[in-house]
Amino acid sequence: MTPEQILNLPSMPAASPSYPMGPYRFVDREYMIITYETDHDLLRQAVPEPLVPNVDGHVLYEWIRMPDSSGFGDYTESGLVIPCTFNGEPINFTAQMYLDDEPPISAGREIWGFPKKYALPKIEVASDTLTGTLQYAGQLVAMGTMGFKYQVAPGGVQATAQGMTKTQCNLKIIPDVDGSPKICQLVAYNLTDITVKGSWISPARLQLIPHVNAPVADLPIKRIIGGKHFIADLTLPHGRVLFDYVKDQAG
Amino acid sequence: MKKADVLALPSMPLQSPTFPRGPYRFSNRQYMILSYKSDVKAMREALPEPLELVGDTVSVQWLDLPDGEGFGAYSAVAQIIPCTFRGEECNFVSQMYVDNTPPLAGGREIWGYPMKNGKASLHVNGDTLIGTLEYAKQQVATGSMVYKHDTFTRDHSVDLHLDRTQITLKLIPDINGKPAIAQLVGINFTDIAVKGAWAGRARLELTPAVNCPLSDLPVYETVGGLQIVTDMTLPYGRVLHDYLAH
Numbered sequence: 001m002t003p004e005q006i007l008n009l010p011s012m013p014a015a016s017p018s019y020p021m022g023p024y025r026f027v028d029r030e031y032m033i034i035t036y037e038t039d040h041d042l043l044r045q046a047v048p049e050p051l052v053p054n055v056d057g058h059v060l061y062e063w064i065r066m067p068d069s070s071g072f073g074d075y076t077e078s079g080l081v082i083p084c085t086f087n088g089e090p091i092n093f094t095a096q097m098y099l100d101d102e103p104p105i106s107a108g109r110e111i112w113g114f115p116k117k118y119a120l121p122k123i124e125v126a127s128d129t130l131t132g133t134l135q136y137a138g139q140l141v142a143m144g145t146m147g148f149k150y151q152v153a154p155g156g157v158q159a160t161a162q163g164m165t166k167t168q169c170n171l172k173i174i175p176d177v178d179g180s181p182k183i184c185q186l187v188a189y190n191l192t193d194i195t196v197k198g199s200w201i202s203p204a205r206l207q208l209i210p211h212v213n214a215p216v217a218d219l220p221i222k223r224i225i226g227g228k229h230f231i232a233d234l235t236l237p238h239g240r241v242l243f244d245y246v247k248d249q250a251g
Numbered sequence: 001m002k003k004a005d006v007l008a009l010p011s012m013p014l015q016s017p018t019f020p021r022g023p024y025r026f027s028n029r030q031y032m033i034l035s036y037k038s039d040v041k042a043m044r045e046a047l048p049e050p051l052e053l054v055g056d057t058v059s060v061q062w063l064d065l066p067d068g069e070g071f072g073a074y075s076a077v078a079q080i081i082p083c084t085f086r087g088e089e090c091n092f093v094s095q096m097y098v099d100n101t102p103p104l105a106g107g108r109e110i111w112g113y114p115m116k117n118g119k120a121s122l123h124v125n126g127d128t129l130i131g132t133l134e135y136a137k138q139q140v141a142t143g144s145m146v147y148k149h150d151t152f153t154r155d156h157s158v159d160l161h162l163d164r165t166q167i168t169l170k171l172i173p174d175i176n177g178k179p180a181i182a183q184l185v186g187i188n189f190t191d192i193a194v195k196g197a198w199a200g201r202a203r204l205e206l207t208p209a210v211n212c213p214l215s216d217l218p219v220y221e222t223v224g225g226l227q228i229v230t231d232m233t234l235p236y237g238r239v240l241h242d243y244l245a246h
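Sequences listed follow chains A and B, in order.
Take our numbering: the last position of the first sequence gets the number 251, and nothing is skipped along the way.
Take our numbering: the last position of the second sequence gets the number 246, and nothing is skipped along the way.
These aren't lab readings, by the way, just hints derived from the structure by calculation.
We treat Cβ as the ideally placed atom computed from N, Cα and C, and that holds for glycine.
There could be a bad hint or two in this list.
Each computed EDC-like pair below joins lysine to aspartate or glutamate, with the alpha-carbon atoms no more than 16 angstroms apart [unchecked claim]: (1) B/K137 - A/D248; (2) A/K182 - B/D174; (3) B/K119 - A/E4; (4) B/K3 - A/D248; (5) B/K178 - A/E4; (6) B/K148 - B/D127; (7) B/K2 - A/D244; (8) B/K119 - B/E134; (9) B/K195 - B/D231; (10) B/K2 - A/E49; (11) B/K3 - A/D244; (12) A/K247 - A/D176; (13) B/K137 - A/D74; (14) B/K3 - A/E49; (15) B/K137 - A/D100; (16) B/K119 - A/D101; (17) B/K2 - A/D248; (18) B/K2 - A/D41.
Here are the in silico distance ranges between beta carbons for each label pair [said to hold, decoys possible]: (19) B/G126 - A/P23: 48 to 54 angstroms; (20) B/G55 - A/T165: 54 to 60 angstroms; (21) A/N190 - B/Q138: 34 to 40 angstroms.
Derived list of chain B stretches under chain A, where covered just means 3 residues or more per stretch with a C-beta under 8 angstroms from a C-beta of chain A [stated by the list, open to error]: (22) 18–28; (23) 94–107; (24) 160–173; (25) 177–184; (26) 223–234.
Between the sequences and the hints, there should be enough to build the whole structure, so can you do that?
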């Protein structure tokens, strides 16, 4: 294998790269998002400066079903997103993500710094209830429930599509081979080519169970705000660096 | 979280880093190493320049890792191609499959171990040491070896090569999709304490699978097996060659 071939590889292993080059198209991506209010001091600790967490103390607990994802396959994801601001601009910070498929874990961590770990999330319609569960290391750590297509979301699919264009960001950390930080950045991206196929709201309930390696319950639930359920096609492109901790430290 | 605390994190996510800082001590690490003759042209194509191929024999290794500091309990399969780097005999780690996130993410992100998620198993069944690997629900590798046939009859301490430099090809993209890291990394295990080693007859079957292509180095003839039980420490590595600097 020549240096030119090596530099054109999208990912490891060279013998069969885990993920191809982006962008990545998702078809029939189904979201279930339960918004809740948490402790303001704990929220501040979970958000890396210079991001500032939202003043309402809101957290989004998400399940996402991805049956058709180019390069990645068929998988499900669950985790926590914290609405923040960066230089005054609204931005969603992904704090924790759990999924059941290796290529999007590796690509997510290595390209965009999505904080992904392997676990078993699930979304299902159980009789009248849209139900999300998350199992980590054999234990249930999250269980959310919503009414099924209970009420069309205000503004319909257009408003939901507009909301999905909001800038999202991650804290990307990749160590050097000596353990020192090689990449330590806030990384931003925006979904493109969004077509929302349906969008609903409903009352919701959420249970988070303390677990050291999947600490979703570290941002405890003070009050449930509500649930949102929507289905969309969209494209996840590459992104941009918002803030570089290594360069910032170097002055 | 303060910026200085962010820089001190060992890994993502901020709230529960996937892996802690190294080095990483492994206790009762068990190997089954099955060596086989393969296609020399395919072996050469699988090696990144400037590594050079040695011989016509590669190995598929099963690892049972019941106690890995920071990583937990898991199993792995690796495909190893012997090579030289600047004249030194080394082992290029070409493919690796594990069933546990911390070593998978830490392996890729620190050293560039070419790890994907596969279900490896190494166990004794009756009279046979058996290794299997499932990828995406299909069994793609089956290895078998006689169980401790040469106890007391041979000293294997010279054949083990556990201290030989391992080489990985570390590739990490930048946020724009271009390569941010493209390096050959050298790794040397330390504090190796071998508790037992046995050689013996072995067989190996590799099944073609596109996302787990062990059989791209086909089995022409199984040379033999080596079972090892050891304690050893995985330290950080060093950059041997930087493709972006050349």
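To see whether the hints hold, each was checked on the structure:
no., hint, verdict
1, B/K137 - A/D248, "violated (46 angstroms)"
2, A/K182 - B/D174, "holds (11 angstroms)"
3, B/K119 - A/E4, "violated (33 angstroms)"
4, B/K3 - A/D248, "holds (9 angstroms)"
5, B/K178 - A/E4, "holds (13 angstroms)"
6, B/K148 - B/D127, "holds (9 angstroms)"
7, B/K2 - A/D244, "holds (14 angstroms)"
8, B/K119 - B/E134, "holds (5 angstroms)"
9, B/K195 - B/D231, "holds (8 angstroms)"
10, B/K2 - A/E49, "holds (6 angstroms)"
11, B/K3 - A/D244, "holds (10 angstroms)"
12, A/K247 - A/D176, "holds (15 angstroms)"
13, B/K137 - A/D74, "holds (14 angstroms)"
14, B/K3 - A/E49, "holds (6 angstroms)"
15, B/K137 - A/D100, "holds (13 angstroms)"
16, B/K119 - A/D101, "holds (13 angstroms)"
17, B/K2 - A/D248, "holds (13 angstroms)"
18, B/K2 - A/D41, "holds (13 angstroms)"
19, B/G126 - A/P23: 48 to 54 angstroms, "holds (51 angstroms)"
20, B/G55 - A/T165: 54 to 60 angstroms, "holds (56 angstroms)"
21, A/N190 - B/Q138: 34 to 40 angstroms, "holds (37 angstroms)"
22, 18–28, "holds (count 3)"
23, 94–107, "holds (count 7)"
24, 160–173, "holds (count 5)"
25, 177–184, "holds (count 6)"
26, 223–234, "violated (count 0)"
Against the hints set out earlier in the document, violations occur for numbers 1, 3 and 26.
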